[in-house]
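Enquirer: Here is how the chains run, residue by residue.
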Amino acid sequence: QKEVEQDPGPLSVPEGAIVSLNCTYSNSAFQYFMWYRQYSRKGPELLMYTYSSGNKEDGRFTAQVDKSSKYISLFIRDSQPSDSATYLCAMSALVGDTGRRALTFGSGTRLQVQP
Amino acid sequence: DTGVSQNPRHKITKRGQNVTFRCDPISEHNRLYWYRQTLGQGPEFLTYFQNEAQLEKSRLLSDRFSAERPKGSFSTLEIQRTEQGDSAMYLCASSPTRGSGELFFGEGSRLTVL
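Top to bottom, those sequences are chains A and B. Quick note: to get our numbering, add 1335 to the position in the first sequence (first position is 1). Quick note: to get our numbering, add 1456 to the position in the second sequence (first position is 1).
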């Protein structure tokens, strides 16, 4: 079983819809939770990161973390065709003695917003 | 532009050839990472530098792979005797020393081994 599970989709929604993207995880050591957006043949772009359980809002995007259930979500309101991309969840935990926070990615959910 | 820069963006090579990718991180970031991403998967960690020191290497990094970061600035990733299984997107990322571990990625270097 992977440490981070994410439904690969594809998820197809009409323009203006509310989109819900989710990940589950198994490692209790994860402390920070992030969402990246990746357009085709491009590098991942950081959208949001959160530390504690609860919600964090940034414009049309809301990230939600429930540490007790090991479940995180990203909501996109008023979705636009330009939101069509792959969304990757990522989680970090301290590893070893190098001070590095290892980032573990989900496999990504492909989102298509239809005009 | 102050983002992470990678080149070449796409490299097509024949099996058995050597390839080298270059990464220029965000200038004030002293941590640099290489990841590999295959189709339909999230990025997988390959190696990590703090300044010029290579502090970690994943077991994914076979001895045909070598990474360097001379003088703690740009980094190179070399793959010797390429195999078809090496075909992937090679992503470079950088981060500041302190933080939540969020990484800032470059556009990636896509390798196709024929």
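Read the hints as simulated data drawn from the structure, not as lab findings. We treat Cβ as the ideally placed atom computed from N, Cα and C, and that holds for glycine. Don't take each hint at face value.
[Claimed, not checked] So, partial list: chain A residues that the calculated Cβ filter (under 8 angstroms) puts toward chain B:
{"id": "1", "residue": "P1343"}
{"id": "2", "residue": "G1344"}
{"id": "3", "residue": "M1369"}
{"id": "4", "residue": "K1377"}
{"id": "5", "residue": "G1378"}
{"id": "6", "residue": "P1379"}
{"id": "7", "residue": "Y1384"}
{"id": "8", "residue": "L1423"}
{"id": "9", "residue": "S1427"}
{"id": "10", "residue": "R1435"}
{"id": "11", "residue": "R1436"}
{"id": "12", "residue": "A1437"}
{"id": "13", "residue": "L1438"}
{"id": "14", "residue": "F1440"}
{"id": "15", "residue": "S1442"}
{"id": "16", "residue": "G1443"}
[To be verified] In silico SDA-like links for lysine to any residue, alpha-carbon gap of 20 angstroms or less:
{"id": "17", "chain 1": "A", "residue 1": "K1337", "chain 2": "B", "residue 2": "R1515"}
{"id": "18", "chain 1": "B", "residue 1": "K1513", "chain 2": "B", "residue 2": "T1494"}
{"id": "19", "chain 1": "B", "residue 1": "K1513", "chain 2": "A", "residue 2": "R1436"}
{"id": "20", "chain 1": "A", "residue 1": "K1377", "chain 2": "A", "residue 2": "S1419"}
{"id": "21", "chain 1": "A", "residue 1": "K1377", "chain 2": "B", "residue 2": "R1465"}
[Unchecked claim] Take a look, some chain A residues computed to stay more than 10 angstroms from chain B by CB distance:
{"id": "22", "residue": "Q1341"}
{"id": "23", "residue": "E1380"}
{"id": "24", "residue": "D1393"}
{"id": "25", "residue": "F1410"}
{"id": "26", "residue": "G1431"}
Enquirer: Against each hint, give a clear statement of whether it holds in the structure.
Expert: Against the structure, the hints:
1. P1343: holds, 7 angstroms
2. G1344: violated, 10 angstroms
3. M1369: holds, 6 angstroms
4. K1377: With a closest approach of 6 angstroms, the A:K1377 hint holds.
5. G1378: Holds, because the Cβ-Cβ distance from A:G1378 to chain B comes to roughly 4 angstroms (cut-off 8 angstroms).
6. P1379: holds, 5 angstroms
7. Y1384: Hint holds; A:Y1384 Cβ to chain B Cβ min 5 angstroms, cut 8 angstroms.
8. L1423: holds, 5 angstroms
9. S1427: Check passed: Cβ of A:S1427 comes within 3 angstroms of chain B, closer than 8 angstroms.
10. R1435: A:R1435 check passes; min Cβ-Cβ to chain B is 6 angstroms, inside 8 angstroms.
11. R1436: holds, 3 angstroms
12. A1437: holds, 7 angstroms
13. L1438: holds, 6 angstroms
14. F1440: holds, 3 angstroms
15. S1442: holds, 5 angstroms
16. G1443: holds, 6 angstroms
17. A:K1337 <-> B:R1515: Cα-Cα ~17 angstroms, so holds.
18. B:K1513 <-> B:T1494: holds, 19 angstroms
19. B:K1513 <-> A:R1436: Since the Cα atoms of B:K1513 and A:R1436 sit roughly 14 angstroms apart, the hinted pair holds (cutoff 20 angstroms).
20. A:K1377 <-> A:S1419: Cα-Cα ~13 angstroms, so holds.
21. A:K1377 <-> B:R1465: Distance ~10 angstroms between A:K1377 and B:R1465 Cα, so the pair holds.
22. Q1341: violated, 8 angstroms
23. E1380: violated, 7 angstroms
24. D1393: holds, 14 angstroms
25. F1410: holds, 20 angstroms
26. G1431: violated, 7 angstroms
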